[in-house]
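Undergrad: One-letter residues, chain by chain:
2 protein chains.
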Amino acid sequence: MTRTITHKLDPKLDLMLERVVDVPPNRVWAAWTRPEYVKKWFTPAPWQTVDCEIDLRPGGIFRTVMRSPEGQEFPNAGCYLEVIENEKLVWTAALTADYRPQNVPSVPLFTAVILLEPHGAGTKYTAIAIHGDEEAAKKHADMGFHGGWGKALDQLVALAKKM
Amino acid sequence: MTRTITHKLDPKLDLMLERVVDVPPNRVWAAWTRPEYVKKWFTPAPWQTVDCEIDLRPGGIFRTVMRSPEGQEFPNAGCYLEVIENEKLVWTAALTADYRPQNVPSVPLFTAVILLEPHGAGTKYTAIAIHGDEEAAKKHADMGFHGGWGKALDQLVALAKKM
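Going down the list, the sequences are from chains A and B.
Residue numbering for the first sequence follows the numbering used here, beginning at 1 and increasing consecutively.
Residue numbering for the second sequence follows the numbering used here, beginning at 1001 and increasing consecutively.
Hints listed in this document are in silico derivations from the structure and should not be mistaken for laboratory results.
Backbone N, C-alpha and C define an ideal beta-carbon position, used for all residues, glycine too.
It cannot be assumed that every hint is accurate.
[Stated by the list, open to error] What the simulated footprint calls covered on chain A by chain B, stretch by stretch (three residues with Cβ under 8 Å from a Cβ of chain B suffice, anywhere in the stretch; the number is not a length):
#1 30-38
#2 109-115
#3 125-139
[Unchecked claim] Straight-line C-alpha distance at most 30 Å; calculated DSSO-like pairs for lysine-lysine:
#4 K1162/B to K1008/B
#5 K1012/B to K8/A
#6 K1008/B to K39/A
#7 K88/A to K1039/B
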């Protein structure tokens, strides 16, 4: 089945990483949706993801704990909104399990959209971070969105090649 | 098709209105999902809903403008999360169109879950407001959740009987 899956970008509020990678969509999907894989690629080294919980359904939790090189731990919990296997994954940090609103004042709040399309033997990979205002988008960009998400994607691809 | 549609209540954080009404689920659904109907019942009189926009899909906008008896207008925008015809409607005020996070500091932020089940010739109607903390739940209760949502439901039923 071919679907048209798009997101209308707002260049002032959204950040996007788009790249063709040489691993197929089902492996990218596995890397994103299985905790044992997420822990291996999700945070650019030397940061680590030391815990991960995934309840892969709309309303299900996506929880991670990141650890800084100095050993400080940063727990995050979000909520899946759309789960279309091998094609589209959406979750938001504005909600936690069962769509419960949550306040996360220290982090630029965003909704993430991951789009996967077959591209030859590989995948056209699109990751979008959707923010509520320009301040959050700028803060996220300044924190290194493009470099960070790009480096994490390198790690994902390296892992996916070994699956 | 019979589904098991439940929400695990947190009594400290959630407010619930449950009632059997003598109109069938498809009319309750119509009242909730068509702007011309929403404008007729959504706000307890003498408040009015003077505008309503509905894009009935996960990620679609649910926007209303309420008007106080003194003529002051209060715009609200939320985002649909689940849309299962005649059975379940979920939207959140934590997000707006296309899952974009939004800050609505003046209102107790909540996600709403509306569950409809056939009950004889009528409907078992369950409305749940899910909050992120006890303060928001209490504020919403103090604002008159039970009376307000109950009176609005009376208006919905009166409208549905005339459909």
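Undergrad: Under the criterion that the straight-line Cα-Cα distance not exceed 30 Å, is the pair K1008/B, K39/A satisfied?
TA: holds, 29 Å
Undergrad: Taken at face value, is the distance from the CA of K1008/B to the CA of K1162/B at most 30 Å?
TA: violated, 34 Å
Undergrad: Do three or more residues of the segment 125-139 of chain A come closer than 8 Å to chain B, measuring C-beta to C-beta?
TA: Held - the segment 125-139 of chain A has 5 residues with a Cβ nearer than 8 Å to chain B, which meets the minimum of three.
Undergrad: So is the segment 109-115 of chain A in contact with chain B by the C-beta rule, three or more residues under 8 Å, or is the coverage claim wrong?
TA: holds (count 4)
Undergrad: Run the distance test for K88/A versus K1039/B: straight-line Cα separation, threshold 30 Å.
TA: Judged against 30 Å, a Cα distance of about 35 Å means the pair is violated.
Undergrad: Cut-off 8 Å, C-beta pairs, minimum 3 residues; does the coverage of the segment 30-38 of chain A by chain B stand?
TA: violated (count 0)
Undergrad: For the pair supplied as a hint, K1012/B and K8/A, is the alpha-carbon distance within the 30 Å limit?
TA: violated, 38 Å
The structure shown violates the earlier hints numbered 1, 4, 5, 7.
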